[in-house]
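Asker: What follows is each chain in one-letter form.
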Amino acid sequence: MDLILVNLIDGLVTGLLLFMLSAGLTLIFSMMGVLNFAHASFYMLGAYFAYQISLALGFWMGLLIAPIVVGVLGAGVERYGLRRVHQYGHVPELIFTFGLALLIEEMVQFIWGKNQMAYSVPEVLNFTAFAISGNSIPAYKIFMIFISVAIFIGLLYILTKTRVGMIIQAALSYPRTVEALGHNVPLIFMGVFGVGTALAGLAGVIAGPVLGTFPGMAFVLGSIVFVTIVIGGLGSLWGALVASLLIGWITTFAKSYNIEMEDVLNAIGISTPENLSDSVFRDFWSLTSPQIADILPYILMVLILIFRPAGLFGKRQS
Amino acid sequence: MQGFGQGLAFKKIASKRRAVLGRIKMKNITKLGAVSALSLVLGASAAFAENIKIAFIDPLSGPFASTGTNGLHQFEFAADYMVNAKGGLLGGDQMEIVAFDNKISPKESLIQLQVAIDQGIRYIAQGNSSGVANALTEAVDKHNKRNPDSRVLFLNYAAVDPALTNEKCNFWHFRFDANADIKMDALTDVIAQDEGIKKVYLIGQDYSFGKAVAAAANKMLGEKRPDIEIVGDELHPIGKVKDFTPYARKIVSSGADAVITGNWGADMLGLGKSVIENGFTGPIYTYYAAGSGITGAFGESGKGRIRLISQGGINPIATDEARATYEAFEAKYPEGNIDQSRIFNVIGMLAEAITEAGTATDVVAVASKLEGMEYDSMWGGKIFMRPQDHQAIQDMHVGVHTNEGLDFDYDNSGFGVLTESTVEMASMDSPTTCEMKRP
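Keeping their order, the protein sequence lines are chains A and B.
The numbering of the first sequence is the numbering used here, which starts it at 1 and goes up by one.
The numbering of the second sequence is the numbering used here, which starts it at 1 and goes up by one.
Hints are not guaranteed to be accurate.
[To be verified] Non-contacting residues of chain A with respect to chain B, defined by C-beta distances greater than 12 Å in every case (computed):
1. Leu172
2. Ile224
3. Thr288
4. Phe313
[Claimed, not checked] Only part of the chain B face toward chain A is listed, based on derived beta-carbon distances under 8 Å:
5. Ala65
6. Ser66
7. Ile230
8. Glu234
9. Lys240
10. Lys242
11. Pro246
12. Tyr247
13. Ala266
14. Gly270
15. Gly293
16. Gly299
17. Asp411
18. Ser413
No lab work stands behind these hints, which were simulated from the structure alone.
None of the values given here were measured: they were computed from a predicted structure.
Virtual Cβ for every residue (Gly too), placed ideally from N, Cα, C.
Make a model of the complete structure from these sequences and hints.
Answerer: Structure, rendered in structure tokens:
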């Protein structure tokens, strides 16, 4: 019972982190139709910039400055890169972002090398907030939860309650009309791209000390972000949140409990074959949930695509 | 208005033409580039025809790039410092390390092996991932059977799956690192002496090496300390886990007194950090929790907690020669570590075998000299290449992650690994199922 509570908290942290990445990506995708392959690379840049800044000015300045630098970089990429490529259609855009992801990884390795960086949790937050039957919850995790929830509320407020948000939402569905009404749609695009990448950067800043800051960190997280926005529904902030939390909890619980395939199959009425060690399905029968935890989100994505192609909260049917 | 339109049309055509012209020019340039690059390669290979080349096939990109790159630096440095700077071999032949990126994939490694063989390289060095080593040793064996004129030797400096020197052994494969069983034997000797340890949790990467570590730990703990309970025996996907928190929770709630893991690279750091952060208070016994930024990233949090089994010889530094070597290495790679001192043994032993054999191209002669060689390592002790299975037997050390009493730290972090206990010539008489077929 205690462990369930602990796992709920862990899953929440994982989910909220994923949300910060997918929120920006889903906005960018629905607005420009660009699958930004480099999104996770901006997450990595966030971590590295924050590490570099923290060496000179401490963790908190890194937390403040690094996302802004990443956001400006992102806006620059949109203004001088994507916008030019945009006129040639989606395939060149895809290739552009893909190339950018590779370029950023190489640049990071060139500047910082291939080693793990010693980017760590600040002293102020380096203590155990509370413990549930021996399982300590680090204060830093609570801090991560607060930051991400604040970001979510802020985003939701801006998108639904302010004038800027309304223009963005309008530009999502009817960019031509919004342009005709006198709004600078390219500027909105640039802004959304910048904010989206800044969010990814912020995710990197706060995830770097826990998940490790190394050149492979973008690669490890890259594909799962796309899965999240597909499950949540493209362009939906709520969808991104729900999908992120769902994935966070599913993978955490699957890893924490050793549920065996044999038990599951027996429970639904399929009995274990007698000569299991000779059976062709031997590997299938001996599967455990931690082994397949990381592919569960992908299975979920396939199911969503079959039964609800627009995603959980998606509106557009295109 | 009309004129303006015409002008626009003309501009369009002109720009199109420029684009076409540009493309033609580009083609020529690439062609020219290719030709000059080719001639450069030809020129280079002619000039260095006498080099003794070693193909280094390991990950130089992706999640394990740091481990591979640091290994490469140590190989290059060892070849330059121990061989080339001292006048080379066989009257002046230089040793050269040629790097191939295998992206830690067995399939990619076989392609790179073929490329290396096609370039006339006779020595293959690989270490990261036993999955790759298993594929390579099989391919090398087949190649050598079919092509007696271009045989190659496989110098395995870090892949420790016991099968490589047991059922899968062959004459061409030499392992300079202690295998997983030998390491576990030494590690469990140390654990067995600690009466406080009653429950042990095993966790590793889900592939041949991770499984070998778990099997060895189960067997040896059962023999040496039947009272120790294995409270967890778990494998996780290699290089794919983002967050180790759920695993750490299981470890803590199992009530384990100690953790044993064979993890390496980002998987080692992720697991170790997570386990410590989430409230585990016992020691973590590891194979590879040092260097490549891992020591620096653990820093204070891992002090006195992380123990690791290795051939050591760094803290305290074994000999004056080793000290001079390490200082020279630091001068060349200020950011680097000698975290795989066995690489220097590989180069040293190969150089000695080539000198004794009097040839670098007849690998059968070189292999025959390597077999049964007793080599005085600068990192302390002797290295004995067991002829029956080509497994190097050497002193094993269990060290602790600390910042006190160090000769050399890792990652310029002030932290390093200090030897706590030593097993001399570990597993000298361990059995092997190898039936070596000699050519």
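Asker: Confirm or reject each hint.
Answerer: Taking the hints in turn, this is what the structure says about them:
no.: 1; hint: Leu172; in the structure: holds, 30 Å
no.: 2; hint: Ile224; in the structure: violated, 7 Å
no.: 3; hint: Thr288; in the structure: violated, 9 Å
no.: 4; hint: Phe313; in the structure: holds, 24 Å
no.: 5; hint: Ala65; in the structure: holds, 4 Å
no.: 6; hint: Ser66; in the structure: holds, 4 Å
no.: 7; hint: Ile230; in the structure: violated, 14 Å
no.: 8; hint: Glu234; in the structure: holds, 7 Å
no.: 9; hint: Lys240; in the structure: holds, 6 Å
no.: 10; hint: Lys242; in the structure: holds, 5 Å
no.: 11; hint: Pro246; in the structure: holds, 4 Å
no.: 12; hint: Tyr247; in the structure: holds, 6 Å
no.: 13; hint: Ala266; in the structure: holds, 6 Å
no.: 14; hint: Gly270; in the structure: holds, 6 Å
no.: 15; hint: Gly293; in the structure: holds, 3 Å
no.: 16; hint: Gly299; in the structure: holds, 6 Å
no.: 17; hint: Asp411; in the structure: holds, 7 Å
no.: 18; hint: Ser413; in the structure: holds, 6 Å
When held up to the earlier numbered hints, the structure conflicts with 2, 3, 7 and fits the remainder.
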